[in-house]
Each structure stands twice: as C-alpha cells, then as structure tokens.
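Student: Chain residues, written in single-letter form:
Number of protein chains: 2
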Amino acid sequence: MAVEEIITMARAAKGAARAVASMSTERKNRLLLRVADELLQQRDFIRRENETDLASGRDKGLSAAMLDRLTLSDKVMDSMVNGLHEVAALADPVGEISEMNKRPNGLMVGRMRIPLGVIGMIYESRPNVTIDAAALCLKAGNAIILRGGSEAINSNLALAKIIQGALSAEEVDPAAVQVVSTTDRQAINTLLEQENYVDLIIPRGGEGLIRFVAENSRIPVLKHYKGVCHAFVDASADFDMAAAIIINSKAQRPGVCNALETLLVHADVAAEFLPFMAARFKEAGVELRGCPRTKAILPDCQAADDDDWPKEYLELILAVKVVAGLDEAMDHIAAHCSQHTETIITNDYGNAQRFIREVDSSSVMVNASTRFADGGQYGLGAEIGISTTKLHAYGPMGLKELTTRKFIVYGNGHIRN
Amino acid sequence: MAVEEIITMARAAKGAARAVASMSTERKNRLLLRVADELLQQRDFIRRENETDLASGRDKGLSAAMLDRLTLSDKVMDSMVNGLHEVAALADPVGEISEMNKRPNGLMVGRMRIPLGVIGMIYESRPNVTIDAAALCLKAGNAIILRGGSEAINSNLALAKIIQGALSAEEVDPAAVQVVSTTDRQAINTLLEQENYVDLIIPRGGEGLIRFVAENSRIPVLKHYKGVCHAFVDASADFDMAAAIIINSKAQRPGVCNALETLLVHADVAAEFLPFMAARFKEAGVELRGCPRTKAILPDCQAADDDDWPKEYLELILAVKVVAGLDEAMDHIAAHCSQHTETIITNDYGNAQRFIREVDSSSVMVNASTRFADGGQYGLGAEIGISTTKLHAYGPMGLKELTTRKFIVYGNGHIRN
Numbered sequence: 043m044a045v046e047e048i049i050t051m052a053r054a055a056k057g058a059a060r061a062v063a064s065m066s067t068e069r070k071n072r073l074l075l076r077v078a079d080e081l082l083q084q085r086d087f088i089r090r091e092n093e094t095d096l097a098s099g100r101d102k103g104l105s106a107a108m109l110d111r112l113t114l115s116d117k118v119m120d121s122m123v124n125g126l127h128e129v130a131a132l133a134d135p136v137g138e139i140s141e142m143n144k145r146p147n148g149l150m151v152g153r154m155r156i157p158l159g160v161i162g163m164i165y166e167s168r169p170n171v172t173i174d175a176a177a178l179c180l181k182a183g184n185a186i187i188l189r190g191g192s193e194a195i196n197s198n199l200a201l202a203k204i205i206q207g208a209l210s211a212e213e214v215d216p217a218a219v220q221v222v223s224t225t226d227r228q229a230i231n232t233l234l235e236q237e238n239y240v241d242l243i244i245p246r247g248g249e250g251l252i253r254f255v256a257e258n259s260r261i262p263v264l265k266h267y268k269g270v271c272h273a274f275v276d277a278s279a280d281f282d283m284a285a286a287i288i289i290n291s292k293a294q295r296p297g298v299c300n301a302l303e304t305l306l307v308h309a310d311v312a313a314e315f316l317p318f319m320a321a322r323f324k325e326a327g328v329e330l331r332g333c334p335r336t337k338a339i340l341p342d343c344q345a346a347d348d349d350d351w352p353k354e355y356l357e358l359i360l361a362v363k364v365v366a367g368l369d370e371a372m373d374h375i376a377a378h379c380s381q382h383t384e385t386i387i388t389n390d391y392g393n394a395q396r397f398i399r400e401v402d403s404s405s406v407m408v409n410a411s412t413r414f415a416d417g418g419q420y421g422l423g424a425e426i427g428i429s430t431t432k433l434h435a436y437g438p439m440g441l442k443e444l445t446t447r448k449f450i451v452y453g454n455g456h457i458r459n
Numbered sequence: 043m044a045v046e047e048i049i050t051m052a053r054a055a056k057g058a059a060r061a062v063a064s065m066s067t068e069r070k071n072r073l074l075l076r077v078a079d080e081l082l083q084q085r086d087f088i089r090r091e092n093e094t095d096l097a098s099g100r101d102k103g104l105s106a107a108m109l110d111r112l113t114l115s116d117k118v119m120d121s122m123v124n125g126l127h128e129v130a131a132l133a134d135p136v137g138e139i140s141e142m143n144k145r146p147n148g149l150m151v152g153r154m155r156i157p158l159g160v161i162g163m164i165y166e167s168r169p170n171v172t173i174d175a176a177a178l179c180l181k182a183g184n185a186i187i188l189r190g191g192s193e194a195i196n197s198n199l200a201l202a203k204i205i206q207g208a209l210s211a212e213e214v215d216p217a218a219v220q221v222v223s224t225t226d227r228q229a230i231n232t233l234l235e236q237e238n239y240v241d242l243i244i245p246r247g248g249e250g251l252i253r254f255v256a257e258n259s260r261i262p263v264l265k266h267y268k269g270v271c272h273a274f275v276d277a278s279a280d281f282d283m284a285a286a287i288i289i290n291s292k293a294q295r296p297g298v299c300n301a302l303e304t305l306l307v308h309a310d311v312a313a314e315f316l317p318f319m320a321a322r323f324k325e326a327g328v329e330l331r332g333c334p335r336t337k338a339i340l341p342d343c344q345a346a347d348d349d350d351w352p353k354e355y356l357e358l359i360l361a362v363k364v365v366a367g368l369d370e371a372m373d374h375i376a377a378h379c380s381q382h383t384e385t386i387i388t389n390d391y392g393n394a395q396r397f398i399r400e401v402d403s404s405s406v407m408v409n410a411s412t413r414f415a416d417g418g419q420y421g422l423g424a425e426i427g428i429s430t431t432k433l434h435a436y437g438p439m440g441l442k443e444l445t446t447r448k449f450i451v452y453g454n455g456h457i458r459n
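Residue numbers (my numbering), protein chains in the order written: chain A, 43 to 459; chain Y, 43 to 459.
In isolation and in its complexed conformation, chain A is listed as follows (with noise of 0.2 Å):
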C-alpha cells in the first residue's frame, strides 16, 4: 500500500517537474505569494488540524519540547507567510548563464543553471518545514515529495492542501508537492529507492534518521549529522574577543549544530585564558570538560574523557583541551570535527590565513562566532540545509544548491575532425 502510494507519487512528481523547470520566475512568485495569502485565509483550519495532532501527541505522552516543536501558533505561522514573500522576493538561479566562452574552432560553449528535478524531503516534528521546504524547492524549478514526522500528518496535509490549492489556481500540475500520506515508515525504505524518479535527497532530524536515509538510500543525500564546532584560541588572541566570541558560540543557542562544543588553547596563553574565562563561563551557566593541563589550571573543573571529544553536547557544556600550538590544534581538529564550523581567535596573520586554508570544514572562520555559520547569515537568501559531505555542496545550502548546471552548445553546422 505504502510501496505504490510512494512509487505513483514519485512518478507523478517527475511528470510535474518539468512544467516546474519551465515556469517564468513571475509565475512561480505569483503561486509563492498566492500560498501565503491561503495560509493566511485559512488560519483556522489549519489551526485545527494542527491541534488534532497536538491532542495525539499529548495522549501518546511526548515531551513539552517536542510539543512545543509540533505546534503551529501565531507565530509560527506568520513566520511561514514572511518566509513565503521572502523566497518570492529572492533572485530566480534559473537559467543563469556562466563560462560562456568562444572555442577555437568558433564554437560557443557555456553553461546554464537548471532545476535538478525532483527532491525527497524527509523530516521530523516541525511541520513548518512543509510550507518553507517547498517554497525553495518551487523557485528553484523542482518538483518536491515531502515526509514529515507521523506526529504531524494532520498539519502537513493541511499544509499540502493549502499549496495543492494554489497549484492548482494557478494551473500547475499539483503533483508539484506533494506530501506522503501514509506514516508507514516503509514509505521511507521505498521513497529512498525512487532514483528513476528522485534527484536528491534531503533529510532532516536527528541522528539517528539521517543515518537510516543515507545508508538505505539509492539516491544521492545531502545532509549532515552533527555539528561539533571548535574554537581555538591562539596566543595572540585578544583575551576579550576571544571571551566574547566563545560566549556567543557556545551559550547565545546551546541546542543548534553551529554552536560551539570544543574550546582548544594555545599553552602559552592557558594558565592566564583559563582563569580569566571561568568566571565568564560561570556566569553564561557553562560546564567544562577539560583536559588534564586544563584540570591543572582549573582544578575544579569535570575531567574529559575520549567520548567528550567527537561529542555535541547541544547543551551548557564545553569540553576544553590545552594544545601545544596551532599545528595540534588542527590535528585535533582534523581527528574529531563534524567538517560543520570551525574557528580561530587570533591577531596573528600567518596562523590566520593557514588556519582558514588548511581546516577542512564546511565553514572555516577568523575572529568570528560559529553562530554565524547559517545560509541567512551568509547572505544565501535563505537556507534548505547545511551539508557536511562534499559532493555538490559543502555547508549551508540556498537556492542555488537547489540547481545545477547544464552544457549548453551554440554551433554554425560545426562537425568534429
């Protein structure tokens, strides 16, 4: 049931994509803005549905959290409409055309940016995603099949009314998003194994489900499972900058993948940074991990042990580690960063720019808060995900990691010799 229910709908979304990628930037702005207006006309029943799935979760006992993740309040939901207009005000990538170059024999050769097709959305909870998931996917010129989290069925399908409904007024084959009806979580198993059908695959969630989709997966995914960020602190560094910019990093949102996890020091510097950090961590509610040369300088702090190292704490926790120099602190780095975001306080240039060379992650920063490692931050507009793996894209993803880039030939009856 599930199996044919994923397999017509794929089909169907590759059918749709098509019309999709042709679409003129106006017309794909006009159906975005068309979608925010319904959402907001139809506040109450989505309101509804919303709390049919908020009166299961309550019975089947999830945490105020996940609650509080499920709900679409007010707020929520004018954050949808905003997001909505700020998508349909985003540059369109499509058809862009770069590299166009004259060959030697007169040939024109370039390239033209196009839709990759159809997208996999697989997510938990936040129902949310529905609405600010296909608004990308839509001005980018794909086709998208969403899956939520079973707990939120009744708010995702609304959601998926509402945009089907607005498809469908402006004469787009509502095949264009769709969402998953069926919480069988074969859906999963057969959605991952739709490549005839499907060009990529997003997931969102925790670890362990992004996990389940790239193992079972056929098709190419684009993801990342943690974020365990590092900062180092040079013996240049400015002891206040360096306190402001941990801070920020580790305790301004302890639960998101760009906070800080691991805070390394430069020996030279480590019997003054530590103290003068304490009372500061103290203050911000932070617990330390350290090292034993840390333990040695803060005798009251926890000890770290190896687990402490690769973890993401996602919480008022920090493990600490004293390191011999910039050459240790990049080994460290290499050995057990999540290739999410890394940086380095210091005002000395050579170690600047080789740190930012030679860091092998996603974001690599100078004097700078991981907390900035985010698509709006960046400038891309708005985000889709953040990828950690490098194929494609590496770090946060906007719209134009929704595209790729296609050959494109311009002759004068040119043959090959």
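No wet-lab data here; the hints were simulated from the structure.
The reader is advised that the hints may include incorrect statements.
[To be verified] In the DSSO-like style, the derived pairs of lysine-lysine whose C-alpha atoms are separated by at most 27 Å in a straight line are:
1) Y:K337 / A:K353
2) A:K448 / Y:K442
3) A:K56 / Y:K268
4) Y:K448 / A:K448
5) A:K268 / Y:K56
6) A:K268 / A:K442
7) A:K353 / Y:K56
8) Y:K324 / Y:K337
9) A:K56 / A:K442
10) A:K102 / A:K117
[To be verified] Where chain Y lies over chain A, by a calculated footprint (3+ residues, C-beta under 8 Å):
11) 168-179
12) 418-430
All values reported here derive from a predicted model rather than from experimental measurement.
Glycine included, every Cβ here is placed at the ideal spot set by N, Cα and C.
Given chain A, put chain Y in place with the hints provided.
Tutor: Just chain Y now, with coordinates in the frame of chain A:
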C-alpha cells in the same frame, strides 16, 4: 585478505590526502613532470609487465579489440607522457576564492575551492587510465585509489610503482596514489563501503560495472551509463548543414558515448529530407531503423521497434523517427534520452532557444555535432569522466569537478545577536 588490504589502503589514502591538499602548485607540477620522465626512462620495464598481461589475455582468449585496449604501445605511452605535461600546464583550481562579500555587519564571507579528499577510481581494461586519472586527481589536490581490471593488473602495478617512486622522490606520502593489488572482486565491494575514508567514486567501463558500483556504493558516485544521443532536424534546417552534422555525429567514431543514436525529423520536411539523406547514409555505411512514417518514405529501411528508441548501438546503426514538430521531438527526448547530449539543427531562433532551455540533458546543442560533448573540446583541459546525474557535476568533468568549495569567514570579533 582483500578486505583488510582495502581498508588499510583507504585509511592511508585519507592520511595522505591532507598532505596532498596543502601541496603548492609548483610541487604538484614538479611531481607530474617527474612521473613523465620516469615513464620515458622505464619504458622497457612497463613494456615487459604489459607483455605479461597481454600473454595471459591471449591465453584467456580475449578478443582482438580487448587486447588492443590493453596494449601499452609506444603511441599510448607517448600519450600518457603528453597527458602529464598537459595536466601540469593546467591552472590549479585549488585555493581560488570567489563570491567574497561584506555582509551588512561587516563580516567578510566567501568561498574557497578545496580538494575533495580521496577519490576511488574503478575502471576496466585500458591501463593508461591509471596515469591519466592519477595526474588529474593529484593536480586537484586529491589522493586516489585505483582499481583497474584484473586483465591489466601487472601493467597497472608497474605504472603505480613509477608514480610511487616519483612521490617518494618528491617527499610526498606514496599512499597518495595506490593501485589495488588484488584482483579479488570483493575488493570493489569493500572499497565502496569506506565512506569514512573515501569521498567520491568514479567508475568507468561497461554499463554492467557502472550499475554494480552505483547499486553497492555508500559513497557518492559520479557516472554515466550510456549515451543515447539525439539530433532533431527542424523544418527550417539547412539540409547540407544537417547532413554534415548527422553523418559526423553518427559515423566519425560510432563506438563512443557521444555518437548519435536517434535522428528525429520534422514531418514537414521528412518527405524531402530523408531521401536526401539516404544516399549519404549508404555512403557512410549507416543502417537505419525507421518508425512507420520513416518506412513510408524509405521503404527499404528496417522497421524500428520499441527497443530501438532507448538503445545505444555503438555501431553504424541509426534509429529514425518522424515527429510532428519541436514539442513531439522534446517529448521523445525526455522519454528516451540518457541525459548525455542532444542537438537541434534549425534556422528558427525561437526553436533553438526553446531547445536549449527545455531539453534536460547534460549537453544541449544547436547546429553542432554531438561529438563535441567532451571535456577537451569544451576547454576543460582534460576530462576525468562524464556525469549524467545532476548532483555535483552534469556533463564532462574536468579538474574543477574534482574539487569543492568551503565557506571562509573573516571577522573582527563578530558575535551574533
């Protein structure tokens, strides 16, 4: 045994990759030229090892074509040496900084081009791929693991010995280029599971090998299965130009993936154009497989059946279909093409532009032979392969496609609000 060898190799490659990634362009070029010199000096050694493979190939009854592909003749050896010089002369893609912008808060955000890491190459027969692929991967700053066909094992190991000698002489970890020494099939399966060490797999060979790799890999794969290339002769086409392009596309080298396999002809000109072509096809030795409307015009041609439309003949056979116009041509292409290369022959500006925009293939051409779909012809400098899937690269892949981009961020104590 094979399993352990592969895991050890993959781990070593990942270790070497960090060192290769930070090599200067000068050192990389010196290394490539040293390999070229050694190839010249050790020609007798290579010839002896190649002769061992050829002798056992003859014993196993390999076809003359297979033995020809296996032979490291003086001509092939010269082309390897020339290839090394050409790759050394190419611009180094690594380190290029692009899209650097100042954000409203003063943060400088840009992207830096970096190597992918470790590339696994799985290929059949031609031992010169060992040198060509290693050269491109090294120039792009990557480590590489090569797994050639069992029939070429002695030749491949001889070439690997020469490369590793050059690596050692240049004080680079020889694990930067490794050839799998076991011919055990299990080696491929194990290689495809090393997602912690290997970043990309590129298979080159028959469709069977490529499907096996795609279905069993946990690592991203860049590949193309086959090239079912189409030409559409529009009503406004110049007949002489069309004839030249079609004969060149089909007959100049029929055994390669960018050769033409299906000809679509506008119904308005079919009754005139097909008889005009008949003599030319005969002269070029091209046999036809025609749709009913084609057969009505050229009664002597063999009938095409449904199997002909998606077929890659790789010989002097051409499927021919009469279509009502551009839309039917593009529908047929969407249904049957392999996303390799399609060309339109037309004098109609609007149709040329629609074809370029709407046809979803990695190379889309106007008034040019499909045979131009090639990294060298496109000016990429050299080609590591062709991708007909859209993630990361679509079409011929050069040095740049062996790299990715990370975000680099320069702040001055920036923290997030």
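Student: Against this structure, judge whether each hint is valid.
Tutor: Here is how each hint holds up against the structure:
1. Restraint check for Y:K337 and A:K353: the C-alpha separation of about 69 Å exceeds 27 Å, so the hint is violated.
2. Our distance criterion of 27 Å between C-alpha atoms is met by A:K448 and Y:K442, whose separation comes to about 15 Å.
3. For the given pair, A:K56 sits about 21 Å from Y:K268 by alpha-carbon distance, which is consistent with the 27 Å threshold.
4. For the suggested pair Y:K448 and A:K448, the alpha carbons sit about 22 Å apart, so the restraint of at most 27 Å is met.
5. Among the hinted pairs, A:K268 with Y:K56 is consistent with the structure: their alpha-carbon atoms are about 21 Å apart, no more than 27 Å.
6. About 23 Å separates the Cα atoms of A:K268 and A:K442, which keeps this hinted pair within 27 Å; it holds.
7. Restraint check for A:K353 and Y:K56: satisfied, since their Cα atoms lie roughly 22 Å apart, inside the 27 Å limit.
8. At roughly 16 Å between alpha-carbon atoms, Y:K324 and Y:K337 fall within 27 Å of each other, so this suggested pair holds.
9. About 20 Å separates the Cα atoms of A:K56 and A:K442, which keeps this hinted pair within 27 Å; it holds.
10. With a C-alpha separation of about 25 Å, the suggested pairing of A:K102 with A:K117 holds against the 27 Å cut-off.
11. Beta-carbon proximity to chain Y at under 8 Å applies to 0 residues in the stretch 168-179 of chain A; the threshold of 3 is not reached and the given coverage is violated.
12. Chain Y is given as covering the stretch 418-430 of chain A, and this holds because 3 residues of the stretch bring a CB closer than 8 Å to a CB of that chain, at least three being needed.
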